[in-house]
Every structure is written in structure tokens, then in C-alpha cells.
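All chains, please: the whole structure from these sequences, using the hints.
Our numbering applies: residue 506 is where the sequence shown begins, and numbers increase by one.
Just so you know, not all the hints are guaranteed correct.
Taking lysine-lysine and the DSSO-like style, the derived pairs with C-alpha atoms no more than 30 Å apart in a straight line are [said to hold, decoys possible]:
1) K1001 / K894
2) K713 / K786
3) K605 / K998
4) K605 / K713
5) K786 / K998
6) K894 / K757
7) K921 / K630
8) K605 / K635
9) K786 / K630
Calculated directly from the structure, the hints in this document are not laboratory data.
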Amino acid sequence: MKQLPPTQSVLASSDKDSLLTTRRSFLASGAATALGLSLTGASPSAGASVQPSKNTRALLTFPDGFYWGVAQAAYQIEGSPNADGKGQSIWDTYAHTPGKIKNGDTGDIATDHYRRYKEDVQLMKEMGVKAYRFSISWPRIFPNGDGQINLKGLDFYNRLVDELLNADIQPFATLYHWDLPQSLQDRGGWQSRYICETFANYAGNVAKHLSDRVRHFFTINEFQNFVEMGHRGIDMVVQGKPLHIETAPGLKLEQAALNQVSHHAVLAHGMAVQAIRAMGKPGTKIGPAEVMFCAIPVIETPEHVRAAELATRHLNARFLDVMQTGKYSESYLTDAGADAPKFTDEDMRIIASPTDFLGINVYIPKMYVVASDEAPGYRELPMNVSHPKMGSPWHTFAPEVLYWAPRLTQALWNPKEIYITENGCATSDEVSDDGQVYDTDRVMYLRAVMSQLQRATDEGVPVKGNFAWSLTDNFEWSGGFGTRFGLIYVDYKTLKRTPKLSAAWFKEAARRNAVV
506 MKQLPPTQSV LASSDKDSLL TTRRSFLASG AATALGLSLT GASPSAGASV QPSKNTRALL
566 TFPDGFYWGV AQAAYQIEGS PNADGKGQSI WDTYAHTPGK IKNGDTGDIA TDHYRRYKED
626 VQLMKEMGVK AYRFSISWPR IFPNGDGQIN LKGLDFYNRL VDELLNADIQ PFATLYHWDL
686 PQSLQDRGGW QSRYICETFA NYAGNVAKHL SDRVRHFFTI NEFQNFVEMG HRGIDMVVQG
746 KPLHIETAPG LKLEQAALNQ VSHHAVLAHG MAVQAIRAMG KPGTKIGPAE VMFCAIPVIE
806 TPEHVRAAEL ATRHLNARFL DVMQTGKYSE SYLTDAGADA PKFTDEDMRI IASPTDFLGI
866 NVYIPKMYVV ASDEAPGYRE LPMNVSHPKM GSPWHTFAPE VLYWAPRLTQ ALWNPKEIYI
926 TENGCATSDE VSDDGQVYDT DRVMYLRAVM SQLQRATDEG VPVKGNFAWS LTDNFEWSGG
986 FGTRFGLIYV DYKTLKRTPK LSAAWFKEAA RRNAVV
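The structure is reproduced here in C-alpha cells:
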């Protein structure tokens, strides 16, 4: 386990003063112009006005080539569930099950991205997006999960990729973002070992057809969440209120069966890595996109940082840790006992197939910790009831997690490259009388988390890009359409897109490659 270096202050005091000037003048400059807004206020004194700082050292800049990206997932945006030979997914089934989705919403239309993708790519271009992380719908490619490839379904992604490249936006493809073909679920789904080879075959075929233009593939999105939420449901407490979250297929497995699903997920990842290497173009880069369960040291001292390392490794034992080390930790196997997954030595070699990067989705910390003299070396602190949160009931506001998650990822597993494959927040967005959406709280969130991420890159953590969730408002799983995460507002009656204030912030930040 790599020891984390001591931290340093990013800015000198004089730079901090300049940075405040830059931030305060932001809405009166580039961002306001981008939205067509008139937000200039009265000058602070007669004959004087505040101007943007020309001291570039005051900006929290990212490394050259940093990808300012946005992300979305197929079921949440595409619609057209039966178009061009697409098969049914578990989300087509689940969303149509009464009582599962808020307000009875479904993804049948979503944002109609399947037909409006050119419009969405143009909006990305206007926002200065450098990379787009999208997911490929498995049942569009293999309607039954296996068998004959559906070339009409594949053609949609061919056209999307070409449109992105023509707009100078790099495509990053996710192969599994939860929409398992229903046919495979009927045959056991992730409880069946058969799914591992089936997923690898799907992944290899997609790479065969797209890797001449798509150079980065994420295998599976959020192992922890799709396993836990989809196969048991999770319970948490936020601001003193209990919260239960469930997703498709909505199973209630016992612990042994759940652990076996976890094993099949990482085995499928390893097989997919090997299949992409075999069938994709040379130089294709591959990695997972896991939700990072991160522990934050409550005070930044060596003993508490060490406690956060220990806790973070334990929290990720079933997924990131085994994928990077090729073995299950003794503590995980001991805790699981008779419920531990069944596996072979060959399984472990496959699971540890080398990757080119780690993608981590980072929204919230899993816990705050302090060092402890008792095993396991850390103690979780209770979250204060008054701790602030964003629009989603589960979303604890803790921007420092965008520093600690990549820093601890580097310390524990030392990947060559790290991508923040998702971060973002829901807010209570409304269209104002002037037709604009002033999501000031999302701008606050983005500025806060990106400042923390910049600190990590400034200390040498190899974060190569960040993907904001999400480009547009969309179908937010069990929350339906009532939860808006987008930088672009979608009127779900007309499907009209309206860039929000946060889109203007993103555009200026991407232009400067800095926090603004």
C-alpha cells in the first residue's frame, strides 16, 4: 500500500485574493455572455468596475489535455425501445412494473436521444465539451443477449461516434450501464456464470466494430450499485431520515447469492478486457467505471489519512480491490465466511487482467473516519443530521470527496490513469420568466468539487478527465423524471433543450481548463 504524500496548500495568500476576484466577476463576463444574460451589477464605486483577473496564476488550472466531459446512459436518454430490432431490457420490464418508478415514469421516450442525437452533439460542441461518455445498449446489439448481432442497432452508435468526432469530441463508450437484455435475466441474469462469457462476446464484438474510432471503453458501470441495488436494495440514512433505494431487476437475494453475483460481475469484467484486447484495434484502452466507496479522514493528519486508506480498501474489497490485486482480501473472505463466493484460481487470473485506467464515479463519501487502536484500524463517525445535501435525498454535500477519492485510488492501486467517470448533482431547476434556468446551486457544487479535484491533479494524481453527470436532464432510474441532473434543461412535454447557467459555467471552465 503506497503511503500518501504530505499535503500542501495549493495557493499562496496573494493568489487566493486574485482567485476571489476572478470568481466574483465570472457572471459578469464569459458565462453571462454564453447564456445571453445581463447580470452586471452596480459598480463598487463611482468610475470603477471589477474586471476579471488577468493573473493566470490565480486560476486553479488542470493539466494540459485534461478532458472536460459529460456523461449519459442509454436507457435514461435514448427512448425508441423497439426501434431497429432492439430487444427488451430489464429496465423496459422494471419501469413498466406498477409502483417501481416515481410517478409511473418510463424510458419509452426519455429525451428521444435516439432520434435527436445530432442536436445533442451540437449542444455539446457549443458548450466546449471535449469528451462524451455514453453507454451502449446491450439489447440493441444483441436483442436476446447472445446469438446474431443486430447491425441496425450497431449502426446507431456508428453514426453517433462519427457525429462526435466531426464535432471534435472524443467518444468514451460504456458497455454495461445496467440495461441487461431481459432474455438473459430470464436465464438467470447475473446469478448465472453463463453471463460472463456472454458479456465478453458482446464487448469484443462492439470493440471490433467501433474501436477504430472509439479508443476508450469502460466495461461495467458501478459494480457496487447495480449488484446491491438491483439484487437486494440498499438502506441508508441521510439527515436522520431512512432511505431505501432499489433498481432493476428488483431481486431480494440472500448474502451468499449476492456475493456470487458480485464475483460474476468482476469475472465478466476480466473476460471483457481480454475479449476487447483480442478483437479491438491495437492501442484500445480499457478499464472499469466503478462507484468509489470512499472514506474521508475527518482531520488531515497521517494517522487519520492512514485510517481512511484502510477503510477505503475494505469498502471496495469485492470490486476495485480484487480487480487490481487479483485476490480477495482476507478480511473480506473472513467476514463473508460461509457466504463467500465460489471461485477458481483461473477466475482470479482473469479478473486481474491488466487495465489501462480506472474510472471512478464520485458523488458522496461512504463515511468519515478517525484512526483507532482497535481493529480494523479506523472508526466510522456518525453523520450529523444537519450535514447539508444536494437535491437528491441520498446526496450528502461533501466536495472534498473529489480530492480524496482519486488520491486514495492512487495510493491503494496506483493506476496509470484515473478518470472521474461521473460527478454531478440534482437541483430544483425551473425555467424563469426570461426563459433561462438559473441553477446557482449546481454552479456552486461544480465550482466546489472541481476545486477539490484540481488539488488532486496539482499534487500529481493522474486524473486525465472528468465527466459531469449529466449532459441533459433525463430518466433518473427509480426517481423518474422528477430528478434533474442535467446541465441542459429538458421540457419533457416538448423535449425542447435549454442550456442552464451551469452549462455556461462549464463552457468557461473548459475554455480556460480551470475552475472559474
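Now for the hints, and whether the structure bears them out:
1. K1001 / K894: Cα-Cα ~29 Å, so holds.
2. K713 / K786: holds, 7 Å
3. K605 / K998: Holds: K605 and K998 sit about 22 Å apart, inside 30 Å.
4. K605 / K713: Roughly 37 Å separates the two Cα atoms, so the pair is violated.
5. K786 / K998: violated, 42 Å
6. K894 / K757: holds, 29 Å
7. K921 / K630: holds, 29 Å
8. K605 / K635: Roughly 36 Å between the alpha carbons, so the hint for K605 and K635 is violated.
9. K786 / K630: holds, 27 Å
Taken one by one, the earlier hints fail for this structure at numbers 4, 5 and 8, listed in ascending order.
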